[in-house]
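The working numbering puts the first residue of the sequence shown at 1112, with every later residue one more than the last.
Bear in mind the hints are in silico, worked out from the structure with no lab data behind them. Check the hints yourself; a few may be wrong.
[Stated by the list, open to error] Here are the simulated DSS-like cross-link-like pairs (lysine-lysine), alpha carbons at most 27 Å apart as the crow flies:
| # | residue 1 | residue 2 |
| --- | --- | --- |
| 1 | LYS1210 | LYS1250 |
| 2 | LYS1250 | LYS1236 |
| 3 | LYS1152 | LYS1225 |
| 4 | LYS1152 | LYS1236 |
| 5 | LYS1249 | LYS1225 |
| 6 | LYS1170 | LYS1225 |
| 7 | LYS1249 | LYS1152 |
| 8 | LYS1170 | LYS1157 |
| 9 | LYS1152 | LYS1250 |
| 10 | LYS1203 | LYS1170 |
| 11 | LYS1210 | LYS1157 |
| 12 | LYS1236 | LYS1203 |
| 13 | LYS1225 | LYS1157 |
| 14 | LYS1157 | LYS1249 |
| 15 | LYS1250 | LYS1170 |
| 16 | LYS1210 | LYS1170 |
| 17 | LYS1170 | LYS1249 |
| 18 | LYS1157 | LYS1250 |
| 19 | LYS1225 | LYS1236 |
| 20 | LYS1170 | LYS1152 |
| 21 | LYS1249 | LYS1236 |
| 22 | LYS1210 | LYS1152 |
| 23 | LYS1249 | LYS1210 |
| 24 | LYS1225 | LYS1203 |
| 25 | LYS1236 | LYS1210 |
| 26 | LYS1152 | LYS1203 |
| 27 | LYS1210 | LYS1225 |
| 28 | LYS1250 | LYS1225 |
| 29 | LYS1157 | LYS1203 |
[Unchecked claim] Listed next, with one range per pair, are the computed distances between beta-carbon atoms:
| # | residue 1 | residue 2 | range |
| --- | --- | --- | --- |
| 30 | ASP1231 | PRO1163 | 20 to 30 Å |
| 31 | ASN1214 | MET1129 | 35 to 45 Å |
| 32 | GLU1188 | GLU1229 | 16 to 26 Å |
| 33 | ASP1215 | MET1129 | 31 to 41 Å |
| 34 | MET1127 | ASN1214 | 32 to 42 Å |
| 35 | MET1129 | PRO1216 | 33 to 43 Å |
| 36 | GLU1251 | ASP1202 | 28 to 38 Å |
| 37 | GLU1269 | ASN1214 | 24 to 34 Å |
| 38 | SER1232 | LYS1170 | 18 to 28 Å |
| 39 | ILE1240 | GLU1165 | 17 to 27 Å |
| 40 | ILE1121 | SER1232 | 20 to 30 Å |
Each residue gets a CB set at the ideal place from its N, CA and C atoms; glycine is no exception.
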Amino acid sequence: MDDAPNNTRIDTASRMIMVSPQTIYRSFLNPEDLVSWLPPKGMSGKIEMFDPREGGSYKITLLYETEHSNPGKTTEETDVVQGTFLELVPDKRIVISVKFNSNDPAFSGEMIQKWLLEPDSGGTKVTIICENVPEGIKKEDHDIGLRSTLENLALYTE
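Please model the entire structure based on the sequences and the hints provided.
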């Protein structure tokens, strides 16, 4: 019998952002830009390490700024995320591996996050696909967070 977590859930979100795919791609690969828009509403971020190349790794600490109903994955007030850039296709696609630093097995495993950038009607349709979402992340919370991140990206780049 296999006791490994069965993280087969896939969460997605998309949004039209009225800038070019190049602008979106650049804002993802510049750490100062990324930390400005990536954290969902109610959070801020700090880049600990950032090597934006295929095979390069990153470490981001997300800090809760407001009261929240769930404790952070790493501490009560933080989510520490480590990962690897798996694929970088300029102006089209970014695929990253995401792992949470947590002692809670509900957050274990590797989540794959795909960012698809499709030119459309003078802007870019940005789609996030999260595969193997850890069971400890509530779907409704994740959906809100993904939409918030896309809203932040639009506000930051438009």
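Going through the hints against the structure:
Between LYS1210 and LYS1250 the alpha-carbon distance is near 17 Å, which keeps this suggested pair within the 27 Å criterion. For the suggested pair LYS1250 and LYS1236, the alpha carbons sit about 22 Å apart, so the restraint of at most 27 Å is met. Between LYS1152 and LYS1225 the alpha-carbon distance is near 21 Å, which keeps this suggested pair within the 27 Å criterion. At most 27 Å may separate the alpha-carbon atoms for a hinted pair to count; LYS1152 and LYS1236 meet this at roughly 21 Å.
A C-alpha spacing of about 19 Å is found between LYS1249 and LYS1225, which places the hinted pair at or below 27 Å, so the restraint holds. As the CA atoms of LYS1170 and LYS1225 are separated by approximately 17 Å, the hinted pair is consistent with the 27 Å bound. Using a Cα cut-off of 27 Å, the hinted pair LYS1249 and LYS1152 holds, with the two alpha carbons roughly 16 Å apart. At roughly 9 Å between alpha-carbon atoms, LYS1170 and LYS1157 fall within 27 Å of each other, so this suggested pair holds.
Under the criterion of a C-alpha separation no larger than 27 Å, the hint pairing LYS1152 with LYS1250 is consistent with the structure, at around 16 Å. With a C-alpha separation of about 23 Å, the suggested pairing of LYS1203 with LYS1170 holds against the 27 Å cut-off. Distance hint between LYS1210 and LYS1157 is fulfilled; the C-alpha atoms sit about 16 Å from each other, no more than 27 Å. Restraint check: the Cα-Cα separation between LYS1236 and LYS1203 comes to about 10 Å, which is no more than 27 Å; the hinted pair holds.
Annotation: proposed proximity of LYS1225 to LYS1157 holds, straight-line Cα distance about 21 Å (limit 27 Å). For the hint pairing LYS1157 with LYS1249, the CA-to-CA distance comes to about 24 Å; that is within 27 Å, so the pair holds. Distance restraint check for LYS1250 and LYS1170: the Cα-Cα separation of roughly 23 Å lies within the 27 Å cut-off, and the hinted pair is therefore satisfied. In summary, the hint linking LYS1210 to LYS1170 is supported, as the alpha carbons are separated by about 10 Å, within the 27 Å threshold.
In summary, the hint linking LYS1170 to LYS1249 is supported, as the alpha carbons are separated by about 22 Å, within the 27 Å threshold. Taken as a hint, the LYS1157 and LYS1250 pair is honoured in the structure, with Cα atoms around 25 Å apart against an allowance of 27 Å. For the hint pairing LYS1225 with LYS1236, the CA-to-CA distance comes to about 13 Å; that is within 27 Å, so the pair holds. For the hint linking LYS1170 to LYS1152, the alpha-carbon distance of about 20 Å falls within 27 Å, and the restraint holds.
Restraint check for LYS1249 and LYS1236: satisfied, since their Cα atoms lie roughly 25 Å apart, inside the 27 Å limit. Taken as a hint, the LYS1210 and LYS1152 pair is honoured in the structure, with Cα atoms around 21 Å apart against an allowance of 27 Å. Of the pairs offered as hints, the one joining LYS1249 and LYS1210 holds, with about 16 Å between alpha carbons and a cut-off of 27 Å not exceeded. Only pairs whose Cα atoms come within 27 Å are accepted, and LYS1225 paired with LYS1203 is accepted, the gap being roughly 11 Å.
For the suggested pair LYS1236 and LYS1210, the alpha carbons sit about 26 Å apart, so the restraint of at most 27 Å is met. For the hint linking LYS1152 to LYS1203, the alpha-carbon distance of about 26 Å falls within 27 Å, and the restraint holds. Distance restraint check for LYS1210 and LYS1225: the Cα-Cα separation of roughly 14 Å lies within the 27 Å cut-off, and the hinted pair is therefore satisfied. Straight-line distance between C-alpha atoms of LYS1250 and LYS1225 comes to about 17 Å, which keeps the hinted pair within the 27 Å bound.
A hinted pair counts as satisfied when its Cα atoms are at most 27 Å apart, and LYS1157 with LYS1203 qualifies at roughly 26 Å. One distance hint, 20 to 30 Å for the beta-carbon pair ASP1231 and PRO1163, holds here, with the actual separation near 25 Å. At about 42 Å, the beta-carbon gap between ASN1214 and MET1129 stays in the expected band of 35 to 45 Å. Look at GLU1188 against GLU1229: about 36 Å separates their beta carbons, and that is not inside 16 to 26 Å.
Remark: the range hint 31 to 41 Å for ASP1215 to MET1129 is upheld by a beta-carbon distance near 39 Å. Checked against the hint of 32 to 42 Å, the C-beta distance between MET1127 and ASN1214 comes to roughly 39 Å, which is consistent with it. At roughly 42 Å, the beta carbons of MET1129 and PRO1216 sit within the given window of 33 to 43 Å. For GLU1251 and ASP1202, the hinted distance range of 28 to 38 Å is satisfied, since their beta carbons lie about 32 Å from each other.
Between GLU1269 and ASN1214 the beta carbons are some 40 Å apart, a value that contradicts the proposed interval 24 to 34 Å. Look at SER1232 against LYS1170: about 36 Å separates their beta carbons, and that is not inside 18 to 28 Å. Checking the proposed 17 to 27 Å range against ILE1240 and GLU1165 shows it holds: the Cβ atoms sit about 18 Å from each other. Taken as a hint, the range 20 to 30 Å holds for the pair ILE1121 and SER1232, whose Cβ atoms sit roughly 26 Å apart.
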